[in-house]
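Q: Chains as they are written, first to last, in the working numbering: chain A, 748 to 1367; chain B, 132 to 621; chain C, 13 to 311.
None of these hints come from the bench; they were simulated from the model.
Don't take each hint at face value.
Unchecked claim - With a Cα cut of at most 25 Å, we get these calculated PhoX-like pairs of lysine-lysine:
id	chain 1	residue 1	chain 2	residue 2
1	C	Lys64	A	Lys1280
2	C	Lys68	A	Lys1280
3	C	Lys46	C	Lys68
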Amino acid sequence: MTTPLDLLLFTAAATVAGAFALGRWRDIAWLTGAFYIAQLIQLTGLDLPSASHAGFTLFGQLVGWQMDGFGRFFAIITVGAAAAATAYMGGEWGERYRQAGHSLVWLHGALAINVLAMLLLLAGNDLIALFIGWELTSWASFLLMAQGGERALRAALRYVPYAMGAAMAVLGGIVLTHAFTGTLQFTELAQRVPQLENWQLALMVTLFGVGFSIKMGLLPFHLWQAPAYAEAAGAGTSFLGAISARMGLFALALLLVKFVSLTRLADLEFVSGLFDARDLIAWVAAFTIVLPTFTALKQNDARYLLAWHGIGQGGYMLLGIVIGDATGSAGGLLHVFNYATYQAALVLSVFAVLHRTGTADLNSLGGLVTRMPLTFLVMLMGIIGLAGLPPMNGFVSKWLVYRSLMIEGRPLLFLMTVIGTLGTILSVYKLIHNTFLGQLRLEHEGIREAPWSMTIPMLVLVGIGFVTGVAPGLPLQWVNDAQAALGLPVLPHTLGGVESSQGGLDMLWVVGVLFAGFGIGALLFYGVGNRSKRIHQLDNYAGGHFLSADVRYHYSDHFYAGLMHRIGPLYRGSFTRLEEAVASANDTLAALMQAWYRQRVPMLTLLVAATAGLGWMVLQ
Amino acid sequence: MIALTVALPLLAAFLLPLLPALARQFLGPLVLLAVAAFGLCLAGNALDAPSVVAIGDFRPPLGIVFYADGVAGLFVFAIAVVTLLLWPCATPNGQPDPQITRKHSLTLLMAAASCALALSGDLFNIYVFYELAAVAGYGLAAGSRTPAAQVATFRFTLLGSLGSLLALIGITLIYFRAGSLNLAHLAELAPSTLHDPLGLAGFLLILLGFGVKSELFLVNSWAPEVYATAESRVSALLAGLISKLALLAVVRLLVLVFPVPEASQLLLVLGMLGILTGELAAYRARDFRRLLAWSSIGQLGAAFVAFAIPGPAGLMAGIAVALHHLMVKPALFLLAERWGGNLAQLAGAARNSPIAAALFVLFALSLIGVPPLPGFWAKYLLLSGLAGEPAGLWWLAGLVVLTTTVVEAVYLFRIIGTLYGHQQGSVMQSRTATTGSGIFALLLVGTALSAPLLAAPLQKMATQLADTDGYVAQVISATITAPQRSGTAP
Amino acid sequence: MSFAGILIELTLMPLVAFTIGLFMVLMMRKIAAKIQRRVGPPLLQPLYDIIKLYSKQTQTSHGLLHDIGIVMAVGGYIAAETMVPVPGMHGIADKAGLLTLAYVTMIPSLGLALGVGQCANPNGSIGISRALTAMLAYDVPFVIIIFGTAWFYGSNNLVEVVAAQQAGGIATWGVMQMPILAIAGLFSLYAMLGKQPFEIYVAPAEIATGPMVEMGGKFLGGLFVMQCFQLFTASAIYVSLFLGGGENWPFFIAKLFFIIAIPMSLAFLFPRYRTEDVLAAVWRWPVILGLAGVWLVMH
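If we strip away everything but chain A, and leave its shape as in the complex, we get (with noise of 0.2 Å):
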């Protein structure tokens, strides 16, 4: 008797399969793609909480997985994800790829096993399920990270000390956990845990948490993120950068939320009665969102740009989940939806300006908008999304973040968070400025609209981004089981988001104003007055000059000089130092350790400890 849960996890291995033996089928992305949907319907579809029959017994340890609301939320967005991707490099894409001597093959399969490896980890019922779940994760992912040359394979070994850091923290917590509460079940976890000691709840907190950090790109240990995702294979890269991170967030929530619970949290207190441990880690979250947006907006490289702004909107999630409150939970795990769809989206429409004129360097595009409209209006809806405006998704995740930062009056974070929206603003803009405004470059001049083998899926993506920005209710549905399965209050919501006295919020009046405001706009300006006079977009003048195209005046570098002038010193790259400083400390102790190992008459020691040791028992 298989369960559905059974079913799934057979699905996803079935897709690690095929993609592995049938790779070189031409037409390979179909059946991948086909079998990431029949997962997500099968996902949409669970019973919560759903167990699988599969598990084992191993030193006393009950190892077995089931998938509660909370597995589902992020199980969902992960296999929409990888389909998105998958359609990606279906087409024309894939088939560059190939030819450049990459392996697609590789490709599809690594995706499936990080789909099949983030499954496992989701529906982890137990300390050591979800342990089996994280390596693999991290293992997949770098395989992921790995694909598409030289390059990303550098990056992606700067990952391994990060991931292997992160796992031992976790390992190490979990040996821990077990030792304090002589349990690995997260049910029984849940009971014991908020019952320990401070010290022992500090220990495990700081374990756990620092492991699931590293993962989540979280202030300080972000540092392997932006090389590791920006270098990867385009299709990786976007479903790299719209969930892979996102597990730490899952396994960090788990943790803070459902084992040790945030008012436990609390109780271990830094600062009598001013700052505890949850305000730490709120704090923390809030850095994550200032800083890394502020490394984005300094990037000259689009697939940069985009990964350090990865790294900035998770702070955001985290944030709304330590709030904790209905509102803010609702909000940082909206976000995580939300985010996925826009993210995915941007990627993948720079992976298109990168197919079609081969960089993806901010200072070598301009102008395009006129030769990829569709990737343009794939970009603009996506920055508008990461930029947390009205009318897409992204508005109304940070708007419950917000919201919630107010009504428990933190106004310090709620700066911060607003700092980044701002920060978010200036970078996205540079981003799509840089990319498809300005002067179109002549050697850009006879590019043509990316193949629809890749519009469809951005497309899709920022239509999904569109409606759940329009009825944020329809996601809010999956979010209030998550919050239900975490122990969290559940957010009341309608379709068109919250009601509330205080002051909610309806995105079908918002969005349908502002688009009325559109449309008399438009009136005003095509009914009203002389009619408009086209001009080709070469045939420009700046200053009384007449521009010739083969001239380059297009304004992208050091776009922020004012701003940079202000805030320039401010970046001091200490944490690429505090890297640094740490592999050197690493690198001397390791030239220490060898000079042991040279040492001329090994003899000479084993006599001195010899004696030594007699010496020391004799004196006892």
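Given the coordinates of chain A, assemble chains B and C onto it according to the supplied hints.
A: Showing chains B and C alone in chain A's frame:
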């Protein structure tokens, strides 16, 4: 049957040079197969009840006792299988080796001595077989005939001999204090006679002496030299097998005679330092074989740490760590047959030998403990054993294990990165090495898949190994009559 | 309120806002003229200007997005203005709230930025870079103020905020209850309107380097319309937060004009700040005042 496991290979080792060429080819492997079968039987039977044999029917404390419990049986089996897989064959470049018979003899000798080491129930015997194994080891290590190998082996021999001397002094000290060398007997006498500074000094000397072979920190600086210069198969034998047996001897002593905090803490500290120095030195290694050597020092350090944990939990962790290393390290050394030398030359090797590269990835993943590979379970047992002890030195050891695993992952993945680099590779892995390590890989995967089934026997073995009273009772009841016993008991 | 009722309000509110906005432009010009000892424009001059711009012969469009930018800029403010309650009409104020309002007011900036970007004029792009930087500057104190007031009134709903202020006459006005926040808000409003010394992004003195550089004819006319709505929306937000909102139309309009008159009267006292100085100026005192105000409100 117990005695046969030692006698058969011993006999074969001495007979081998005298036999006709055809028989020479097959005798060794046949004998080893037989020993493997015996070992499996022994382990199976011993799980229910350990068996004791007094050689020549001389009764302890005068005579020699073989004690076969689950661990001993398992090790006999492992010795036979690993030796078989590492059976010396043609030189790496495919030419017939004129020294082959001598190498076969020495290998058999080593196998015999190793089995005896695993089974022996008294200290003097352990020492003798340890020496025998050591001599065989020196002979094999010198086999590659390069000047560097000769120098390394010379230093190894000197260090090893000094170590043996120290061990002998230690044994003398113990004999001087307790008047017996039979482990069961010593176990009874120890609380009154040996748990004092002098007795512990004896333990320390034995530890240092045997530590030479088990790559214990302080006395392991020979390892990188020897492993880098000796033939890969020899390195594999030394690192994989002999080190574990020397370790087993120490563990028996620790469990039966010195179950005192000082002894286990000594083991813990030295093990910890071994992990630290080994893994960190490997981090900077530029030579594949040296890297493996240092990594092996680190792994053995982990085994020492595991065995230092009092009680069955620690023993179980120790056995798991040791067995896992036994499966992985010889396989890696086999791969080093062609891949040895500077790491840079491995660039792009995965294109030439995809299977070998994949095997390397598998072993690397298991070494750093990625579930569900066995390395993870070993590490999990080790860490949960450490976490179960009170905070302090034990948790520090846990921290050391965790952090050095990160270092380990970095250097192993650096190699993986080199292997899968985008240049055209220059070296080609040999078919024999790939097959050999492939078999180890199958064993590894088999263990991973059957882990839930293997857990119970492992647990039983550890309990058996930890059961001092059981050991004493078994040996005494099988060999000593009641009046004699009361005469020596305090 | 019935659906039809809301629709009627949504139709009326932009008309009112536009009319008031036109007169605000007129007033600003009059103030400027008075300070500079000029006569100033006649009553309908702003309207004439718009008609003139719309009916110009040369209407140069640099592409669809150039047009859409203007549409977004105008449309965004039209939408924003329906989220601020005026006497007798709430529009969708209770369905959107302060926070949403704050973010909807960013849409016109984005639209303008897109439109200017399409023009491919490097000077225009520089102007946008300055405009967005200025937005980053003035929105920081602005959201602090939003937080403070929302916390004080326990609501994100402007209708409730206004009702709470009108409950006890002038004494319960925001400016009386939270004077420090009100001052910070005035600063922020000043910067938001882009009057001297904060006019770097409009840069009227050197039109060749600013967002307007490629804007002629009805493009500029559209922006003119946008400015009318912007003046109305910005002042209406301030009045709703601190000056008791609109009890009735005459009072409300008086307050609106008063608020706009303050920055206009001060504007000519200052030379222009550079971009980085705008940041420094707005991030220093208004933010400190705002945070102090929030602290006072919360304790």
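Q: Hints first: check each against the structure and report whether it holds.
A: Verification of the supplied hints:
1. For the given pair, Lys64(C) sits about 17 Å from Lys1280(A) by alpha-carbon distance, which is consistent with the 25 Å threshold.
2. With a C-alpha separation of about 12 Å, the suggested pair Lys68(C) and Lys1280(A) falls inside the 25 Å cut-off, and the hint holds.
3. Under the criterion of a C-alpha separation no larger than 25 Å, the hint pairing Lys46(C) with Lys68(C) is inconsistent with the structure, at around 30 Å.
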